[in-house]
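Engineer: Here is how the chains run, residue by residue.
There are 2 protein chains.
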Amino acid sequence: MQRYFISADNWISDQQINIDGDDFHHITRVMRMSVGDDVICNHPNGSAAECVIVDVKNDYLVLSVKAWLNQSVELPVHVTIAQGLPKGDKIDLVLQKGTELGAARFILFQASRSVVKWDEKKALKKQDRFNKIVKEASEQSHRNKVPEVEGVSSFQLLLEKSETYNVKLFAYEEEAKSASFTRLSSIFNEITADMSVLVCIGPEGGFSPDEVNLLKAAGFSSVRLGPRILRTETASLYFLSSISYHFEELR
Amino acid sequence: MQRYFISADNWISDQQINIDGDDFHHITRVMRMSVGDDVICNHPNGSAAECVIVDVKNDYLVLSVKAWLNQSVELPVHVTIAQGLPKGDKIDLVLQKGTELGAARFILFQASRSVVKWDEKKALKKQDRFNKIVKEASEQSHRNKVPEVEGVSSFQLLLEKSETYNVKLFAYEEEAKSASFTRLSSIFNEITADMSVLVCIGPEGGFSPDEVNLLKAAGFSSVRLGPRILRTETASLYFLSSISYHFEELR
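Taken in order, these protein sequences are the chains called A and B. Letter by letter, the first sequence follows residues 99 to 349 of this note's numbering. Letter by letter, the second sequence follows residues 99 to 349 of this note's numbering.
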């Protein structure tokens with residue numbers, strides 16, 4: 099059944115939801131649904147309900163809740179991916195695949211080796227596109243929540259933001275090359291449900307030595323993501339898949 | 099140090115390697131290297147050596163082996179990804195990321211729900227491009243071996259090919275939705291080093307009921323890849339990351 103994330107304003111009551119805008123268009127034009135058809139509506143708080151269309155107005159739909167659903171497919175751990183700005187449209191891949199794989203939040207940051215430089219204007223322009231990518235990926239993957247995408251931070255601001263996290267990690271290529279590396283599992287074994295985990299990933303070329311020193315001084319631990327050298331846009335996918343495996347598939 | 103996979107013919111002796119073609123161009127023009135510069139040369143058998151350029155000819159380089167390297171970053175398990183042909187250029191993503199994440203072989207197959215249909219001519223035309231993608235991704239990720247990419251198989255041929263594998267799996271969306279699913283770890287726990295594992299992934303829309311029945315009859319087990327529904331091009335990345343985590347990072 100098709101899923102839609104409906105903003106809190108459109109939840110009129112416990113029983114009624116109105117859908118307008120892009121979702122209205124998608125349901126009536128793309129899916130060609132009408133009165134009597136069912137969809138799943140997700141509330142921003144994570145709850146979801148099976149709903150039936152009861153009325154089609156000019157520019158919105160009225161839906162009635164048939165049943166509240168209580169399954170959740172959210173990762174038991176709250177993972178934030180902090181991605182150093184990569185080249186081209188690789189950030190789209192990180193957001194889309196990271197959402198499918200369960201990330202709770204994304205922070206983009208301007209790393210010293212980021213080839214692209216985004217000013218506030220460019221970042222604002224991209225924000226709508228990013229929000230759309232994570233919303234669609236959440237619907238597709240049957241997520242209960244849409245991840246947040248925070249606009250571009252400076253490295254300094256990223257360090258400040260990191261203070262609220264329980265676990266602070268960074269992917270470090272030298273860790274993959276080292277014989278005395280820290281196993282990812284030894285880090286995951288220290289994490290318990292509902293903890294917040296921040297993992298920072300450098301852009302192409304990785305972190306600069308200065309950044310590595312600042313991360314370490316701020317209490318970040320370096321991790322290796324298997325022994326092979328991953329491209330920047332692949333690192334978060336390995337991390338999220340592994341943490342999902344550890345907490346959702348391993349017994 | 100830059101890495102190149104050099105075909106067996108170009109290993110003149112235990113001490114001498116000649117490099118021509120694209121790699122000659124890359125080393126002399128793109129990297130602007132010359133006599134005295136070092137590169138790592140990988141032999142198709144998985145061995146690798148640090149080499150120095152000793153002579154630059156018109157259309158090839160002569161290198162001398164300085165030291166054999168004995169590190170290996172190959173996955174301890176031999177994983178083949180059989181990917182039902184997806185739309186657009188998603189197959190490029192599967193090949194590139196799958197190589198970074200350690201796949202040993204890729205088989206592409208024409209699934210009943212594959213929207214694109216490739217005839218032999220189209221498949222042949224794409225083969226060069228696929229070989230280039232996996233070679234470059236292997237060099238980038240410091241692999242010891244370049245994965246094989248087998249041209250497009252029919253579903254029937256895929257079933258025949260599967261007979262040589264120790265472990266046969268298929269990703270099944272219904273498994274993710276089921277309350278009584280088989281945990282991926284219970285499958286990984288039965289796998290030991292050097293076993294060959296084949297995992298089949300359907301195209302957009304998944305496997306048809308007929309295909310599911312044929313897979314089961316041929317001894318394939320269905321697996322879930324976490325509780326979220328992944329796009330076809332994300333499934334293999336989850337599988338490879340998890341199996342890497344299980345065998346390379348978990349203790």
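Hints are not guaranteed to be accurate.
The list treats identical chains as one, so a pair stands whether inside a single copy or across any two.
Mimicking DSS-like on lysine-lysine, the simulated pairs with C-alpha atoms at most 27 angstroms apart in a straight line are [unchecked claim]:
hint	residue 1	residue 2
1	K266	K215
2	K155	K224
3	K188	K233
4	K164	K259
5	K220	K314
6	K220	K164
7	K266	K164
8	K185	K233
9	K224	K275
10	K314	K243
11	K188	K224
12	K275	K233
13	K233	K243
14	K243	K275
FYI, nobody ran anything at the bench for these hints, they're computed from the structure.
Engineer: Hints first: check each against the structure and report whether it holds.
Structural biologist: Now for the hints, and whether the structure bears them out:
With identical chains, the CA atoms of K266 and K215 are at most 27 angstroms apart within one copy only, with a shortest distance of 25 angstroms there and 46 angstroms across copies. Taking CA atoms no more than 27 angstroms apart as the test, K155 paired with K224 passes in neither setting, with 32 angstroms inside one copy and 49 angstroms between copies. In the homo-oligomer, the alpha carbons of K188 and K233 lie at most 27 angstroms apart both inside one protomer (18 angstroms) and across protomers (20 angstroms), since each shortest distance falls under that limit. In the homo-oligomer, the alpha carbons of K164 and K259 never lie at most 27 angstroms apart, since the shortest distance is 41 angstroms inside one protomer and 48 angstroms across protomers.
Taking CA atoms no more than 27 angstroms apart as the test, K220 paired with K314 passes in neither setting, with 30 angstroms inside one copy and 51 angstroms between copies. For the identical chains of this complex, K220 and K164 are neighbours neither inside a copy (43 angstroms) nor across copies (49 angstroms), given an alpha-carbon limit of 27 angstroms. Taking identical chains as interchangeable, the C-alpha atoms of K266 and K164 are never at most 27 angstroms apart, the minima being 42 angstroms within one chain and 41 angstroms between chains. Taking identical chains as interchangeable, the C-alpha atoms of K185 and K233 lie at most 27 angstroms apart whether they share a chain (23 angstroms) or sit on different chains (21 angstroms).
Taking the closest pair of Cα atoms, K224 and K275 never come within 27 angstroms of each other, the shortest separation being 35 angstroms inside a single copy and 34 angstroms across copies. In the homo-oligomer, the alpha carbons of K314 and K243 never lie at most 27 angstroms apart, since the shortest distance is 32 angstroms inside one protomer and 34 angstroms across protomers. Taking the closest pair of Cα atoms, K188 and K224 come within 27 angstroms of each other both inside a single copy (13 angstroms) and across two copies (23 angstroms). Only between protomers do K275 and K233 lie at most 27 angstroms apart by alpha-carbon distance; the minimum there is 20 angstroms, versus 37 angstroms within a single protomer.
Proximity of K233 and K243 under a CA criterion of 27 angstroms is satisfied intra-copy only: 9 angstroms inside one chain copy versus 38 angstroms between copies. Taking identical chains as interchangeable, the C-alpha atoms of K243 and K275 lie at most 27 angstroms apart only when they sit on different chains, with a minimum of 17 angstroms there against 36 angstroms within one chain.
This entry does not satisfy hints 2, 4, 5, 6, 7, 9, 10, going by the numbered hints stated previously.
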